[in-house]
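Q: Residue-level listing of the chains:
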Amino acid sequence: MKRRNTAAAAVIACLLMMTGCWDRKEVKDLAIVTASGLDLNKDGTLTQSVQIVIPTPMQSSGSSSDAKSFFVIAAEGKTLADSRQRLQEKIHLKLYYSHRRVIIIGERMARHGLESVFDSFHREMDMRMRNMVFVAKGAAAESLLNYPVALEAIPADQFKNLHKQPAGRATTIMNFDATAATEGIEPTMGAFEVIQKQASGPSASSTGAEPHIKLYGVGVFKELKLLGFFNDEETRAMNWATKNMAGSFLTVYVPQGNGNVSVQILKSKHGFHPLVKGNRITMGVSVQSECELIENGTKLDFSEPANVKLLNALLSSQLTQSIAATVKKSQRLYKADVFGFGRSVHAAYPSEWKRLSAAWANVYPEVEVTVRAKTSVIGTGYVKLPLHRKETKGDVE
Amino acid sequence: MKTEKLTQWQFVIMISISVLGTEIFNIAAFPAQFAGQDAWISVLIAPITSFWCIAVCTALARRYPDMTIIEYSRSILGSWVSTLVEAYYLCFLFVYATVISKALADLIAMISHQLTPHAIILLMLLAVCGTAAWCGIGVIGRCGEIIFPIMIVIATMILLISIRDWNVTYLQPVAEKGLPSILRGASVPSGWLGETVLIAFLIPFLNQPGQARKASYYSTLIITVFMLKTVLICTLAEGPLVTKFPFPYAALIRYISLGDMLERLDPVFFPIWVSVGFIKLATFLFVACLCVSRISRVKNQRTITLPVVLLVFAGTTGIMKDAPGMDAILQFYVYTFPVASFVAANAIPTVLLVVDWTYSRRRALHEA
Numbered sequence: 001m002k003r004r005n006t007a008a009a010a011v012i013a014c015l016l017m018m019t020g021c022w023d024r025k026e027v028k029d030l031a032i033v034t035a036s037g038l039d040l041n042k043d044g045t046l047t048q049s050v051q052i053v054i055p056t057p058m059q060s061s062g063s064s065s066d067a068k069s070f071f072v073i074a075a076e077g078k079t080l081a082d083s084r085q086r087l088q089e090k091i092h093l094k095l096y097y098s099h100r101r102v103i104i105i106g107e108r109m110a111r112h113g114l115e116s117v118f119d120s121f122h123r124e125m126d127m128r129m130r131n132m133v134f135v136a137k138g139a140a141a142e143s144l145l146n147y148p149v150a151l152e153a154i155p156a157d158q159f160k161n162l163h164k165q166p167a168g169r170a171t172t173i174m175n176f177d178a179t180a181a182t183e184g185i186e187p188t189m190g191a192f193e194v195i196q197k198q199a200s201g202p203s204a205s206s207t208g209a210e211p212h213i214k215l216y217g218v219g220v221f222k223e224l225k226l227l228g229f230f231n232d233e234e235t236r237a238m239n240w241a242t243k244n245m246a247g248s249f250l251t252v253y254v255p256q257g258n259g260n261v262s263v264q265i266l267k268s269k270h271g272f273h274p275l276v277k278g279n280r281i282t283m284g285v286s287v288q289s290e291c292e293l294i295e296n297g298t299k300l301d302f303s304e305p306a307n308v309k310l311l312n313a314l315l316s317s318q319l320t321q322s323i324a325a326t327v328k329k330s331q332r333l334y335k336a337d338v339f340g341f342g343r344s345v346h347a348a349y350p351s352e353w354k355r356l357s358a359a360w361a362n363v364y365p366e367v368e369v370t371v372r373a374k375t376s377v378i379g380t381g382y383v384k385l386p387l388h389r390k391e392t393k394g395d396v397e
Numbered sequence: 001m002k003t004e005k006l007t008q009w010q011f012v013i014m015i016s017i018s019v020l021g022t023e024i025f026n027i028a029a030f031p032a033q034f035a036g037q038d039a040w041i042s043v044l045i046a047p048i049t050s051f052w053c054i055a056v057c058t059a060l061a062r063r064y065p066d067m068t069i070i071e072y073s074r075s076i077l078g079s080w081v082s083t084l085v086e087a088y089y090l091c092f093l094f095v096y097a098t099v100i101s102k103a104l105a106d107l108i109a110m111i112s113h114q115l116t117p118h119a120i121i122l123l124m125l126l127a128v129c130g131t132a133a134w135c136g137i138g139v140i141g142r143c144g145e146i147i148f149p150i151m152i153v154i155a156t157m158i159l160l161i162s163i164r165d166w167n168v169t170y171l172q173p174v175a176e177k178g179l180p181s182i183l184r185g186a187s188v189p190s191g192w193l194g195e196t197v198l199i200a201f202l203i204p205f206l207n208q209p210g211q212a213r214k215a216s217y218y219s220t221l222i223i224t225v226f227m228l229k230t231v232l233i234c235t236l237a238e239g240p241l242v243t244k245f246p247f248p249y250a251a252l253i254r255y256i257s258l259g260d261m262l263e264r265l266d267p268v269f270f271p272i273w274v275s276v277g278f279i280k281l282a283t284f285l286f287v288a289c290l291c292v293s294r295i296s297r298v299k300n301q302r303t304i305t306l307p308v309v310l311l312v313f314a315g316t317t318g319i320m321k322d323a324p325g326m327d328a329i330l331q332f333y334v335y336t337f338p339v340a341s342f343v344a345a346n347a348i349p350t351v352l353l354v355v356d357w358t359y360s361r362r363r364a365l366h367e368a
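Sequence order for the protein chains is V and U.
If you use full-length UniProt numbering, the first sequence closes out at 397, no skipped numbers anywhere.
If you use full-length UniProt numbering, the second sequence closes out at 368, no skipped numbers anywhere.
Because the hints were derived from the structure by calculation, they are not lab data.
A virtual CB, placed ideally from N, CA and C, is assigned to each residue, including glycine.
Fair warning: there could be bad hints in the mix.
To be verified - If you only want the chain U side, here are some residues facing chain V, beta carbon under 7 angstroms, derived:
no. : residue
1   : Leu241
2   : Ser257
3   : Gly259
4   : Ala328
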């Protein structure tokens, strides 16, 4: 009996030591992909490019060499999986996609439609729904991945961080698909452009001179096809109407003071107020925000309530105009409901929506949108008046 | 054979886990297929069948203490009619054990062991669960006591981490599709809640059978809260995509991230759900063995554990070979499952109770 127990214990001990190592993959056998780019070729095939990090030991920042921290390889294929297989033929390490953060889609691919390529991102185990998707305006995704990046250990992070600003939109695949699958709203995707500007001056070789990536705004999609873009101003206006903004700046020209004033948004609230009467649909868009004066380029003294009132009115009307212009662009030019007006009609009038939903794409351009933006300046920063100015009363006018 | 008794707490955990084990991963998909964004209302309606089942089964257990449903069906209906009932429960338990092991093996294969042959995963799964079933109810109860608190902690963590991905507009408008589709949506979760009929087999193993009703109601409450939580966070985070994933909760766990620092949390969170699934399978195997032993009047339940486990293994590898992968199980859940559970959990016990009640009334009148 005792012998049998000992034998059993030995067998179990051996088995325990054998666990876990069967299908192991060491880090040195993996090529870690941080970003992918998708481009459509003229013959209908697609090119997938992957950005692979070169693992390097941490260096002190002083000795920044020209060595890139990543490289890009690309391969063509009929489907994404096909191109992945061809990519694998170009590198001896196993391409490892689980740590990918960003997917960039070339403009031609986006205009052609994403239906066929997105399927692969949902099915496979090493694909993550949290990957961010962006579109490259007027450029191939592969070229976007190739531009050097300063001050960033993981090159793909720049795309994500750029679009976390108020003028950007960081969309995960999950968000994009959920929005596309929802009735009464069309998805948008953050967009990048390439600046080719040549720097004039002595430091021609610095990073400013080379072509580099800049946030452009968002791409407007309808039925998973790219229709066009909103630039950064329009994207900001769209974000005002659809989400809570904070940290953004607003600048307005004040004619009475003959100069510009900038304010910083502290917090904002937004709301849609749909009204359906028969075939007439009106949509009230309300935006309320509180802001703080951060730059005063005028002669006015904003400790005077009358001047603050004046500024509030100017800011509100400028905001109203920019939101209204963006809404108009989405209605006239793209006929795509990127604001989600249809969804708010759906939520408020579920019975009417049954009638409207099928033809919403045609109804949307006819929706009468009234924008009411209200900003109130609640603080003037650390000073009352510009410090260098002599204090005189009656500066108004 | 003298077996260990369960404490009330172990009983509550065991019943809750027996329902939640496989349910939790795909619960969100089914009600949403019919009720859309109102899946959470369906989930609140579903426990009605479970409460009904518990009321009836505990009433029967009070009339026939120390007996399982197999034995009192014999004394109520007589051995001939009872054969049908026994056969039904035998099939019910066998099919459910098969589906559970198939679902678990698929899940393990999908999330971590893509290259391992299914048969090997299944074999190891059934070896562990079969051992637990062989060791008896006390072992399963104690395992549950360890795993259940971890499960609650993990579920709460997932809830908290997912908060930043919630979008409340995905729940609007409320009650859009009307009552019929909400009720249709409630059918699949009610099928899972019908698995509480296990209490009809397990009450004799409780150390205080008088408390069975209260304990079972508590389990139903736990199950409902868990289901509600899961359906709500899946709908809030995934919106209309909920119906498109076979495992919406697994998709959510893969999606969540903690402040962009901690992503890909699934290797931490999945194992606990798999181990919950183990306990569920072990419970079902135990009850299946119990059922077989009571039907065939075998005194020692352990003698038939191995044949039952082998049968389940053969069934799992055999049954779903024609229809590949998850599709067969999804079909089963939507069409067969609610009806089969309703018959086992509500129809048969109610008939037994009504027949027994009429006979005892008549007998009482006769004697008076």
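Q: Would you mind marking each hint as holding or not holding in the structure?
A: Here is what the structure says about each hint:
no. : hint   : in the structure
1   : Leu241 : holds, 5 angstroms
2   : Ser257 : holds, 6 angstroms
3   : Gly259 : violated, 13 angstroms
4   : Ala328 : violated, 19 angstroms
Hints 3, 4 from the list above are not met by this structure, while the remaining hints are.
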